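Novice: Here the structure of chain A is known, so what remains is to put chain B in place on it, guided by the hints.
Protein chains: 2
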Amino acid sequence: MTTQNIGILHPGEMGISVAASAKNSGHSVFWVSQGRSEATRARAERFDLRELRSLSELCETCSMIISVCPPKYAGELSQQVLQAGFKGIFLDANAISPMRSQEIGKQMALVGVEYVDGGIIGGPAWQENSTFLYLSGFQSAQVADCFEQGPLVTRIIGEEIGRASAMKMCYAAKTKGMTALLCSIVATANELGVWEDLERHWSAEVSGAGRKTVEDIRKVTAKAWRFSGEMEEIASTLDFAGLPDGFHKSAADTYQRMAHFKDHEELPELEEVLRSLVRSS
Amino acid sequence: MTTQNIGILHPGEMGISVAASAKNSGHSVFWVSQGRSEATRARAERFDLRELRSLSELCETCSMIISVCPPKYAGELSQQVLQAGFKGIFLDANAISPMRSQEIGKQMALVGVEYVDGGIIGGPAWQENSTFLYLSGFQSAQVADCFEQGPLVTRIIGEEIGRASAMKMCYAAKTKGMTALLCSIVATANELGVWEDLERHWSAEVSGAGRKTVEDIRKVTAKAWRFSGEMEEIASTLDFAGLPDGFHKSAADTYQRMAHFKDHEELPELEEVLRSLVRSS
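Protein chains in written order, with this note's numbering: chain A, 1 to 281; chain B, 1 to 281.
Chain A with its partners taken away, still in its complex shape (with noise of 0.2 angstroms):
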């Protein structure tokens, strides 16, 4: 096969990885250097990028570019695509819910670019068969193609756009759903007095099991921060579906109430955390 160019946005934790499949596969992978922080430079650098100054230059050299980003920005990045005249192939690889990426997809197709539909079911793609690119569209064999080295596995799920989307909003919304379950009722345990008994008797059930759920919330409490636009996404997913929203609006409040963990440099103590989970009435 033949050396694509492949435009990047962003190269964060998730990207950088998706960047490195896509270099162990033999393409040439590209960045755009405005408005991007250290963190990301010193990320592309490391892994060899080729950097691009504006998103124009890299609408113009590349034939694929592949959007990583939080939720809330995935429409605005391919509204700014779009204006700097991009013609390839466009691939939305965020939490974003299958109506979204629909809509994005029918802007993509009035002006003639090809879009693919993505979700990501993993972390950072740096071990085998551990992180896994589910892909949907007319255009999915020709993303999957630029991975073929892995370590990201890609799976091919249909050619309707917002299949591959759906998918990964309903793998999310048990595991991330299920983990902001668990810190609401731990906090809830710990106001009424009875998180040590609580304890006792889920690790009376299953050894360990007290101990992994703090080790769980504690360690959710750096990603928080960008789980909470995920599952409002999450949300109008199951509302579109016709089920109950609740879940994930409340796992996104829950996530909300832990966004200030971002940037610690340690763990915070459980304590801690479940004091920020209450509501201050």
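A portion of the hints provided could be inaccurate.
Given that identical chains are not distinguished, each listed pair holds provided it fits within a single copy or across any two copies.
[Stated by the list, open to error] With a straight-line cut-off of 25 angstroms between C-alpha atoms, the simulated DSS-like cross-links for lysine-lysine are:
#1 LYS106 x LYS223
#2 LYS212 x LYS174
#3 LYS174 x LYS219
#4 LYS87 x LYS219
#5 LYS106 x LYS72
#6 LYS174 x LYS223
#7 LYS262 x LYS212
#8 LYS212 x LYS72
#9 LYS87 x LYS106
#10 LYS262 x LYS219
#11 LYS262 x LYS72
#12 LYS174 x LYS72
#13 LYS23 x LYS106
Hints are computed from structural coordinates only; laboratory data are not their basis. On a predicted model such as this, the values are computed, not experimentally measured, just so you know.
Specialist: Below, chain B alone, put in the same frame as chain A:
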């Protein structure tokens, strides 16, 4: 210890197992036949409970009355016991919020009834070390004594009314909350055409996970009719503690949509359950 006369309101599937543990421990257990179903009579007779015709006879005969009923009837049942002039120990073992338990406790205290707060974790108590009656309140030890031969296990967790209910609420918030969440996620995946992909992904992560989820969803249909009220109690418990209540409001909604499966003789197929879960708009 002395044999006590204990009243059980009512010998449903859980109540009869509580009654059986009291009988095992050497006590006489009474029930009230007025207004009860044939199924309840059959259970009471099978375990040789002593029949009384009216609640006032029960209140005269027994030194302890135990309430085991669906959460929405808990308040009404305690009122009836009050009005019948009961003087003794009253255990509310229902899945109600700590605030409701405290409210019932206050009314009981005003007329000199000794109120104990209880919460049952586990299914009907037929096996050793599998069903736990959490107790709080000053007379908890007297209640625990009545079950000392088991198999129902008692655990006293304090003197404050509401602690045992809080424990029950937080425990069920996880188990039944997660099952409801799974039901809604699978129905969403099915509506959006990605259920097979999701099941395959889950099963690749944990062998048999997809099949287990399907069986959990089918099985919960038989109990959903009574879980809905319990989820409302849990939602108000989280709200009271300052946490988001949407998880369990949506869980109540989810179980309500399955309530009509109560009297099905056979478990419904997954497809039928999922169709019921989708709101017809």
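Novice: Each of the hints needs a verdict: does it hold here or not?
Specialist: To see whether the hints hold, each was checked on the structure:
1. When the C-alpha separation of LYS106 and LYS223 is checked against a cutoff of 25 angstroms, the pair qualifies neither within a copy, at 31 angstroms, nor between copies, at 44 angstroms.
2. In this homomeric assembly, LYS212 and LYS174 come within 25 angstroms of each other (Cα to Cα) both inside a single copy, at 18 angstroms, and across copies, at 15 angstroms.
3. Taking the closest pair of Cα atoms, LYS174 and LYS219 come within 25 angstroms of each other both inside a single copy (17 angstroms) and across two copies (19 angstroms).
4. Taking the shortest alpha-carbon separations for LYS87 and LYS219, neither the intra-copy value of 41 angstroms nor the inter-copy value of 52 angstroms comes in at or below 25 angstroms.
5. In this homomeric assembly, LYS106 and LYS72 come within 25 angstroms of each other (Cα to Cα) only inside a single copy, at 18 angstroms, whereas the closest approach across copies is 50 angstroms.
6. In the homo-oligomer, the alpha carbons of LYS174 and LYS223 lie at most 25 angstroms apart both inside one protomer (16 angstroms) and across protomers (22 angstroms), since each shortest distance falls under that limit.
7. In the homo-oligomer, the alpha carbons of LYS262 and LYS212 lie at most 25 angstroms apart inside one protomer (21 angstroms), although the nearest pairing across protomers, at 36 angstroms, exceeds that limit.
8. Within a single copy, LYS212 and LYS72 get their C-alpha atoms no closer than 31 angstroms, and across copies no closer than 35 angstroms, so neither meets the 25 angstroms cut-off.
9. For the homomeric pair LYS87 and LYS106, the shortest alpha-carbon distance inside one copy (15 angstroms) is at most 25 angstroms, but the shortest distance between copies (72 angstroms) is not.
10. Proximity of LYS262 and LYS219 under a CA criterion of 25 angstroms is satisfied intra-copy only: 11 angstroms inside one chain copy versus 40 angstroms between copies.
11. With identical chains, the CA atoms of LYS262 and LYS72 are at most 25 angstroms apart within one copy only, with a shortest distance of 17 angstroms there and 42 angstroms across copies.
12. Within a single copy, LYS174 and LYS72 get their C-alpha atoms as close as 20 angstroms, which meets the 25 angstroms cut-off; across copies the closest is 29 angstroms, which misses it.
13. For a Cα distance limit of 25 angstroms, the shortest separation of LYS23 from LYS106 qualifies neither inside one copy, at 30 angstroms, nor across copies, at 70 angstroms.
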